[in-house]
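Asker: Sequence:
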Amino acid sequence: MRQIDCAHTGTLLNLLGKHLEPDQAFGQALRSLRTKRKWTQTDLALRADADRNYVSLIELGRNSPSVRMLFRLCDALDVTPSDLLKDVERRMKVQQGTKSG
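Here this note's numbering is used: the first residue of the sequence shown is 543, the next is one more, and so on.
Calculated from the structure, these hints are not laboratory results.
Glycine is no exception: its CB is placed at the ideal position from the N, C-alpha and C atoms.
There could be a bad hint or two in this list.
Derived DEER-like restraints, expressed as beta-carbon distance ranges [claimed, not checked]:
#1 T584 - G639: 14 to 24 Å
#2 L588 - V609: 17 to 27 Å
#3 T582 - V621: 16 to 26 Å
#4 F613 - S574: 31 to 41 Å
With these hints in hand, go ahead and build the complete structure from the sequences.
Answerer: Here it is, written out as structure tokens:
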């Protein structure tokens, strides 16, 4: 199994069936929402009243947001926590599907 960590974007790519952890899936979903808006991590951090480094750690899957921060991030991105978590769940299922299939 091979794992590629693209540090310049913080995207963690799992190849050949490597299991995607919830924190990684959350980070990918958050980054996807942010980049669709063409925002930098600083843009999101300012809108969510968070530190840019903290946003980076969340996107890398190295940190999990508190419930309060989850709501602030979602409010900044204009999505519901439910919708964001559904995307996280979908990403995990897709990864598990590629692992078993």
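Asker: Decide, hint by hint, whether the structure agrees.
Answerer: Results of checking the hints against the structure:
1. Against the hinted window of 14 to 24 Å, the Cβ-Cβ separation of T584 and G639 comes to about 35 Å, which falls outside the hint.
2. Taking 17 to 27 Å as the suggested C-beta distance range, the pair L588 and V609 conforms, at roughly 21 Å.
3. Take T582 and V621: their Cβ atoms lie about 18 Å apart, and the range 16 to 26 Å holds.
4. Taken as a hint, the range 31 to 41 Å is violated for the pair F613 and S574, whose Cβ atoms sit roughly 19 Å apart.
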